[in-house]
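Spelled out, the chains give:
Protein chains: 2
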Amino acid sequence: MGELVERKKPPVATVPRDNEGELIARITKAFAVPRLNLGQSRVPPRGWIGDDAAVIRGDGKKDWVVSCDFFLEGVHFLPDGRTPAKAIGYKALTRATSDLAAMGAQPRYFLLSLALPALRTGTWLEGFLAGLRRATQELGMALIGGDTTKKRDVAISITVIGEVWRGRELYRSGAKPGDLIYVSGTLGRAGLGLELMFRGLGGRQGMSGLLRRHLYPSIRTELGMWLATHRVASAMMDLSDGLSTDLRRLCAASKVGAKVWADWVPQVRIPDGVRKLRGMARLSAERLALDGGEDYELLFCVPPERVAKLRAAPGFSSIRQVGEIRSGTDAIIVGSDGERRELVAKGWDPFRRLQRR
Amino acid sequence: MGELVERKKPPVATVPRDNEGELIARITKAFAVPRLNLGQSRVPPRGWIGDDAAVIRGDGKKDWVVSCDFFLEGVHFLPDGRTPAKAIGYKALTRATSDLAAMGAQPRYFLLSLALPALRTGTWLEGFLAGLRRATQELGMALIGGDTTKKRDVAISITVIGEVWRGRELYRSGAKPGDLIYVSGTLGRAGLGLELMFRGLGGRQGMSGLLRRHLYPSIRTELGMWLATHRVASAMMDLSDGLSTDLRRLCAASKVGAKVWADWVPQVRIPDGVRKLRGMARLSAERLALDGGEDYELLFCVPPERVAKLRAAPGFSSIRQVGEIRSGTDAIIVGSDGERRELVAKGWDPFRRLQRR
Numbered sequence: 001m002g003e004l005v006e007r008k009k010p011p012v013a014t015v016p017r018d019n020e021g022e023l024i025a026r027i028t029k030a031f032a033v034p035r036l037n038l039g040q041s042r043v044p045p046r047g048w049i050g051d052d053a054a055v056i057r058g059d060g061k062k063d064w065v066v067s068c069d070f071f072l073e074g075v076h077f078l079p080d081g082r083t084p085a086k087a088i089g090y091k092a093l094t095r096a097t098s099d100l101a102a103m104g105a106q107p108r109y110f111l112l113s114l115a116l117p118a119l120r121t122g123t124w125l126e127g128f129l130a131g132l133r134r135a136t137q138e139l140g141m142a143l144i145g146g147d148t149t150k151k152r153d154v155a156i157s158i159t160v161i162g163e164v165w166r167g168r169e170l171y172r173s174g175a176k177p178g179d180l181i182y183v184s185g186t187l188g189r190a191g192l193g194l195e196l197m198f199r200g201l202g203g204r205q206g207m208s209g210l211l212r213r214h215l216y217p218s219i220r221t222e223l224g225m226w227l228a229t230h231r232v233a234s235a236m237m238d239l240s241d242g243l244s245t246d247l248r249r250l251c252a253a254s255k256v257g258a259k260v261w262a263d264w265v266p267q268v269r270i271p272d273g274v275r276k277l278r279g280m281a282r283l284s285a286e287r288l289a290l291d292g293g294e295d296y297e298l299l300f301c302v303p304p305e306r307v308a309k310l311r312a313a314p315g316f317s318s319i320r321q322v323g324e325i326r327s328g329t330d331a332i333i334v335g336s337d338g339e340r341r342e343l344v345a346k347g348w349d350p351f352r353r354l355q356r357r
Numbered sequence: 358m359g360e361l362v363e364r365k366k367p368p369v370a371t372v373p374r375d376n377e378g379e380l381i382a383r384i385t386k387a388f389a390v391p392r393l394n395l396g397q398s399r400v401p402p403r404g405w406i407g408d409d410a411a412v413i414r415g416d417g418k419k420d421w422v423v424s425c426d427f428f429l430e431g432v433h434f435l436p437d438g439r440t441p442a443k444a445i446g447y448k449a450l451t452r453a454t455s456d457l458a459a460m461g462a463q464p465r466y467f468l469l470s471l472a473l474p475a476l477r478t479g480t481w482l483e484g485f486l487a488g489l490r491r492a493t494q495e496l497g498m499a500l501i502g503g504d505t506t507k508k509r510d511v512a513i514s515i516t517v518i519g520e521v522w523r524g525r526e527l528y529r530s531g532a533k534p535g536d537l538i539y540v541s542g543t544l545g546r547a548g549l550g551l552e553l554m555f556r557g558l559g560g561r562q563g564m565s566g567l568l569r570r571h572l573y574p575s576i577r578t579e580l581g582m583w584l585a586t587h588r589v590a591s592a593m594m595d596l597s598d599g600l601s602t603d604l605r606r607l608c609a610a611s612k613v614g615a616k617v618w619a620d621w622v623p624q625v626r627i628p629d630g631v632r633k634l635r636g637m638a639r640l641s642a643e644r645l646a647l648d649g650g651e652d653y654e655l656l657f658c659v660p661p662e663r664v665a666k667l668r669a670a671p672g673f674s675s676i677r678q679v680g681e682i683r684s685g686t687d688a689i690i691v692g693s694d695g696e697r698r699e700l701v702a703k704g705w706d707p708f709r710r711l712q713r714r
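Chains as they are written, first to last, in the numbering used here: chain B, 1 to 357; chain U, 358 to 714.
Hints may be right or wrong, so weigh each one.
[What the hints assert, rightly or not] Partial list, derived from the structure: chain U residues whose beta carbon lies under 7 Å from chain B: (1) A411; (2) R414; (3) F427; (4) L429; (5) R490; (6) G502; (7) K508; (8) A512; (9) S514; (10) P660; (11) E662; (12) L667; (13) P671; (14) S674.
Source of the hints: derived by calculation from the structure; they are not laboratory data. Glycine included, each C-beta is placed from N, C-alpha and C at the ideal position.
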């Protein structure tokens, strides 16, 4: 989210010195020692911080996959009731659960931590719970615990728990040179919805369909489970922050490079009617698709010898190859003009972008 | 926390219509249906919302116990750096892990969701991580995942995961009439520290010892595990919100009443030097002990025939009987004057109290 329309860069002084990646690296480093103190029969999780979720190995045939996500007013959704309560409830769970889909896990349980102002305990809370309940039912999950408190703005933290057959989970780190890179669905749809919301155009006639992916995202649980269980993918993650950012993360975790063809990336179609709206004329479908974020589609790599198997995947028709994994560390994108450019991570990073929102 | 000095009640108009208990009940009710859709070989957790943590049954000999807790600036700790960053890091994990101790589980892993302003990513974050790391080492836990984002105030959500031998976990709901009620430790020590902090007296000479329990709470992991593993206790929870509030919750969950003797409750000693400080003269040790909250001691019930076993408990010398479970639903307290009064829940409730903080 963020740099979707070509705008001037913010002045340097407003750019904080940390970004999310560095912050995670610092936290990871600070806790490097206690990890080694673990062990016994239970191995420390392989995925750990930096992957979409952590894997907890029990003494049975299945492992648990756990992830937690903030969903904060003014950070992840618009303040002052501009994002509908029902959408907040729905999206809070689906976006968190996307991290389970990204590991190939079957969603099971979740915990809800909810902080809200007293004024939001009436109809707002009813709407929130209705949306959350709908997502719970669609995903086949159960609420098993949580925490509530009062706060001047709404803060939501959701912990999701899924299960996976031992050793079948997928990490970001498994990609090898020669693997083909795939994405599910059409990219940039959620980003288009967000741009409409930012400009206060969400209430206009005919916009609701365009907002849907932003407010009520779908996630690829079935596809993720299938790719993991059938050992088809070598690496996987979900597209939460935009292909340009997330693919670079996958490459870094796998210690590989990548080449993407811009024309192959399934881009959102921006309707002519939207182009005519205030501030939307220069909106770039390619930028939305590469940097938009919040699509919650899957990004995964498949070794060439397993590509034929993909035909049996659920939702196969919505899967597109967008590039290939290469040796080295360069991530490049080949434009429709044949020009090779560096794939620059321009997706959502709370520590780089928030001052612009 | 809150009504520790006898003060006038806040005007009715500022009291929000919801309190935490009602809010939890509403959320629980909203999710009653999807629970029934679960099943297969994995049973829905018995504890569920309202207990300290949820129990997740795997296919092995041990179960996982999971809980999540918010720790929010301006709600759970003082804003604007008045609570030291190191204490925030330490306390964030210990207080969350107390919910595992309350179930008798062995702490194993945690996930950290951290939202903070860019200005806090320097020395503040270093202090926070140092405190968190100390708690991690003391508790023998490992950080396995999390989420970071930017926000104008600090918001922390911690998910803790522990393990317990199948069927040995303790719930709030197991108390029976005739059971003896015990607490560990001395109650009101954290509350005394908080009162000093509220009044800006924390920096005074000789106060640091009195602040310790507020800033760096100890939890009773070993005792909790022992009581569960040896099947000594019938019901257990941790004292996070004050005995008057938490014992009523245990009684409600167990559908029983209780009788407490005020003289038996191990009360914090308020030093004479503290009495002389501004605003502290009328501070009541009994109110601190009953309503102070955040002691993170254990509250548990033991059937008479198992009381003899207690002598072998770790930290036995710090355990005190404070009352007994009775039939009915009344919770009463017998004062030092022999007078019987209702035990009124006056402990920490974010939805009742925040306007006073």
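Against the structure, the hints:
1. A411: 4 Å, holds
2. R414: Given a least distance of 10 Å, the restraint on R414 of chain U is violated.
3. F427: Holds, about 5 Å.
4. L429: 6 Å, holds
5. R490: 6 Å, holds
6. G502: 4 Å, holds
7. K508: It holds, given that the least Cβ distance between K508 of chain U and chain B is near 6 Å, below 7 Å.
8. A512: 5 Å, holds
9. S514: Holds, because the Cβ-Cβ distance from S514 of chain U to chain B comes to roughly 3 Å (cut-off 7 Å).
10. P660: 27 Å, violated
11. E662: With Cβ-Cβ at 32 Å, over 7 Å, it is violated.
12. L667: With Cβ-Cβ at 29 Å, over 7 Å, it is violated.
13. P671: Result: violated, 21 Å to nearest chain B Cβ.
14. S674: 29 Å, violated
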